[in-house]
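K.L.:
Going down the list, the protein sequences come from chains B and E. Here the first sequence is numbered in our numbering, starting from 7 and rising by one per residue. Here the second sequence is numbered in our numbering, starting from 7 and rising by one per residue.
Please keep in mind that the hints were generated in silico from the structure rather than gathered at the bench. If you're wondering where the values come from, they're calculated on a predicted model, not measured in any experiment. Glycine included, each C-beta is placed from N, C-alpha and C at the ideal position. Among the clues, some could well be false.
As the list claims (entries may be wrong) - Stretch-level coverage of chain E by chain B, calculated; a stretch enters the list once three of its residues show a Cβ under 8 angstroms from a Cβ in chain B:
1. 164-173
2. 524-530
What the hints assert, rightly or not - Chain B is faced by these chain E residues, among others (derived, beta-carbon under 7 angstroms):
3. 201
4. 209
5. 362
Here is what each chain is made of, one letter per residue.
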Amino acid sequence: MSKEYTFDKDDLKKIEEIKSRYPEVTPAVMPVLWLAQDKFGHVEPAVQKLVADTLGLPQAHVQGVASFYTQYYKKEKGKFVLDVCTSFSCQICGGYEILDHLENKLGIKAGETTEDGMFSIQSVECLGACGYAPMLQVTNDKYVNNLTTEKVDSLIENLKQGKMPEFESIPMPQHETES
Amino acid sequence: MAEIIIDDKKFEFEEVGKVLQFILDNGMDLPFFCYHPSLSIPANCRQCFIEAGQMVKDRESGEYELDEDGNPVIRWFPKLMTACSLDMADGMVIKTHVTSEKVKVAQADTLELILINHPLDCPICDQAGECPLQIQTYKYGPEGSRFEHKKVHKPKRIQLGPRVILDAERCINCTRCVRFTDEVSKTHQLSIVSRGDKNYPITAEGQVFDDPYSLNTVDICPVGALTSADFRFKARVWEMNQTPSIDVTNGKGVNIDLWTRDNLVMRITPRFNKEVNDHWMPDIGREAYRLFNENRVSKPIIKLDGDQVRSSWNNAFMTVSEKISSVKSDEILLIGSPYASLEDNYAFQNWFNRLGVSDVYFTPHIEKGYGDDLLLVDDHAPNTNGCKALGFKEVDAKKMAKLLSDESYKAVFILGDDLLSRVDIDDSALESKYLVSFATNHTETTKKSDLVIPITSSAEHIGSYINVDERIQRTIPAKETMYTNRKLDLEMSMGRLDHFGTKFDNWVSDKNRVDCIPAWEVLVRIGNEMNLEFNFASPQDVLEDITDKIPALENVSYDRMDKENGIALKLSAPKSVTT
Numbered sequence: 007m008s009k010e011y012t013f014d015k016d017d018l019k020k021i022e023e024i025k026s027r028y029p030e031v032t033p034a035v036m037p038v039l040w041l042a043q044d045k046f047g048h049v050e051p052a053v054q055k056l057v058a059d060t061l062g063l064p065q066a067h068v069q070g071v072a073s074f075y076t077q078y079y080k081k082e083k084g085k086f087v088l089d090v091c092t093s094f095s096c097q098i099c100g101g102y103e104i105l106d107h108l109e110n111k112l113g114i115k116a117g118e119t120t121e122d123g124m125f126s127i128q129s130v131e132c133l134g135a136c137g138y139a140p141m142l143q144v145t146n147d148k149y150v151n152n153l154t155t156e157k158v159d160s161l162i163e164n165l166k167q168g169k170m171p172e173f174e175s176i177p178m179p180q181h182e183t184e185s
Numbered sequence: 007m008a009e010i011i012i013d014d015k016k017f018e019f020e021e022v023g024k025v026l027q028f029i030l031d032n033g034m035d036l037p038f039f040c041y042h043p044s045l046s047i048p049a050n051c052r053q054c055f056i057e058a059g060q061m062v063k064d065r066e067s068g069e070y071e072l073d074e075d076g077n078p079v080i081r082w083f084p085k086l087m088t089a090c091s092l093d094m095a096d097g098m099v100i101k102t103h104v105t106s107e108k109v110k111v112a113q114a115d116t117l118e119l120i121l122i123n124h125p126l127d128c129p130i131c132d133q134a135g136e137c138p139l140q141i142q143t144y145k146y147g148p149e150g151s152r153f154e155h156k157k158v159h160k161p162k163r164i165q166l167g168p169r170v171i172l173d174a175e176r177c178i179n180c181t182r183c184v185r186f187t188d189e190v191s192k193t194h195q196l197s198i199v200s201r202g203d204k205n206y207p208i209t210a211e212g213q214v215f216d217d218p219y220s221l222n223t224v225d226i227c228p229v230g231a232l233t234s235a236d237f238r239f240k241a242r243v244w245e246m247n248q249t250p251s252i253d254v255t256n257g258k259g260v261n262i263d264l265w266t267r268d269n270l271v272m273r274i275t276p277r278f279n280k281e282v283n284d285h286w287m288p289d290i291g292r293e294a295y296r297l298f299n300e301n302r303v304s305k306p307i308i309k310l311d312g313d314q315v316r317s318s319w320n321n322a323f324m325t326v327s328e329k330i331s332s333v334k335s336d337e338i339l340l341i342g343s344p345y346a347s348l349e350d351n352y353a354f355q356n357w358f359n360r361l362g363v364s365d366v367y368f369t370p371h372i373e374k375g376y377g378d379d380l381l382l383v384d385d386h387a388p389n390t391n392g393c394k395a396l397g398f399k400e401v402d403a404k405k406m407a408k409l410l411s412d413e414s415y416k417a418v419f420i421l422g423d424d425l426l427s428r429v430d431i432d433d434s435a436l437e438s439k440y441l442v443s444f445a446t447n448h449t450e451t452t453k454k455s456d457l458v459i460p461i462t463s464s465a466e467h468i469g470s471y472i473n474v475d476e477r478i479q480r481t482i483p484a485k486e487t488m489y490t491n492r493k494l495d496l497e498m499s500m501g502r503l504d505h506f507g508t509k510f511d512n513w514v515s516d517k518n519r520v521d522c523i524p525a526w527e528v529l530v531r532i533g534n535e536m537n538l539e540f541n542f543a544s545p546q547d548v549l550e551d552i553t554d555k556i557p558a559l560e561n562v563s564y565d566r567m568d569k570e571n572g573i574a575l576k577l578s579a580p581k582s583v584t585t
């Protein structure tokens, strides 16, 4: 049904290196899942099985770890995954409005992927950026902060042209007064 | 000796255990969900909260410090502790909900949180009636919930494996099932997925929960999240009657409970026995309830002109006595059974000894490689060691086939065993013989028998069985036969329906009583017919006779077996005599 996934020699070498960092093999699950996600773009059950078999761990355990984190993609996602934070702070500052706007704009619901395979939306828990709420994260990478609907629109346009947002340094209020 | 004070009462202890286990062992109550004595302790349900402290000891004098009022000074842990994971210590002071308002509030609050997303579908839930969550909510729970929003929905009716069904909404994520597959059965098939209010246990994608011990997770599930695919919706707990018994489908002799309703065994669950099976049993043993209910031989069956027809008991008894009188004693072949109880086997041997037949043969039912490291052993039969203890001659299937086709035997008596299904023999070889089988169920053997005498199964009689580890354990009748009555037989237990049901309501009938008699009693009655001096009045009588005659079984009694959860024997009987 699904594709066959394998690690090549280089990957296996990296995995050995990862394993050597820990006294037991279970802590290696997370970095190896990252490695797999970097390679295949997702960690579908078949990839989870590959990781489990490579590490000699039960597949159920790996699934438990992978499903705990929204950062691991348990199915194939679009090129850009927009993780919209809907935890407390963002919620109060309009996180759901942003999510709503995105959903209407892209014509998909949270957890879905656009037909052209460009965008996926996820509603996620706190990303630790409450000071710049509401915010979203693009494909486990750059944060886009202090969102407004206009900012979202321009983000989508930029992404469509393949332009990732820049890293944005936002000073905290207490630091602002210092400088 | 070390002391611990629980709710202002002083207890002494020697071995340092966990506080929760100590509280339970001393007959006190403390609510908990995730703790299980045979599994690791994650302390994740937070239900067994207690206040704990330590009496302050003066380092120099070694005396407890006293305050102005003369009471010992107690240094309390800053927060509530989980009793399940807290080690006992000398001078420890524990306050449970009995003496602490704080604990009481904490217990109610934890339950309120646990119940936020619980569907509260107790009226249609199989666990209702034996559900720790239900019981503890009644005892310690809040009056109601303050949660006014939609509950989180999760997968329901997921067939995890051939025998277990998951309802994730009912799950409280205690992880008992996960720990069971990790630590006991070691198949590692389950794990908790997702997080927060969405998590629940499930197998890895595409994997089937086919653990041979999977149904134990249903037993230890403290809610109705895991239910048995087979038993689901069949009976409510309070309708059934629970009788302690022994598994007769394997040589391990797993301790079980038979749950009966209207004289049908509805389900089988393991019963704790530290020496044999701990809290567990293999799934396959639970299938045995079909053996007790279905395909039973009820009323004797006799072969007339090649057809098997039902006969009266008197006719059957007369046929046996006539047959025996018409053959010489060395023309009789006796085959005992590792499936029959010690009492039945002994009565069988003893009865025929009086007629001058001394040798009893039996063929063990051993399948190499069938066993595992946990509770299944290669021996399928519960009483192989019983046959050996009685000095039966052990022959393998090939030799048994030879014996059966030996022309010098004119009559063959087979006790409670589907012998012919494991012995390869031509029908023609049996034609010249008169085959009498004492049987519980219709089998290959009964089909070929000239006379079938229905005997009681382990669910209907008292019988002892000696397992592979030479441990003797006994069964207690759970089902009534046509000739027994729960109300009169003090060994039998009475459920609600047995007390209050009548033949005229929907739930109780006489339909499920089997027309059968214990093998020893059959022999007593045929003995009367033949004026044999063979007078046992009860299985107790038979057992006493056995213990008198066999030194290895000295001092064995039902009382002792009950009190000591079975007795470990040292069998010195000659092993595997072959001819």
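K.L.:
Decide, hint by hint, whether the structure agrees.
P.N.:
Against the structure, the hints come out as follows:
A stretch counts as covered by a chain when three or more of its residues have a beta carbon under 8 angstroms from one of that chain; for the region 164-173 of chain E and chain B the count is 0, and the coverage is violated. Counting residues of the region 524-530 of chain E whose CB lies closer than 8 angstroms to any CB of chain B gives 0, which falls below the minimum of 3, so the coverage claim is violated. About 5 angstroms separates the beta-carbon of residue 201/E from the nearest beta-carbon of chain B, less than 7 angstroms, and the hint is met. Interface restraint check: residue 209/E against chain B, minimum CB-CB distance 6 angstroms, threshold 7 angstroms, status holds.
With 7 angstroms as the threshold, the beta carbon of residue 362/E stays out of range of chain B, its nearest partner Cβ sitting at about 63 angstroms, so the hint is violated.
Figure legend: structure checked against the earlier numbered hints; hints not met, in rising order: 1, 2, 5.
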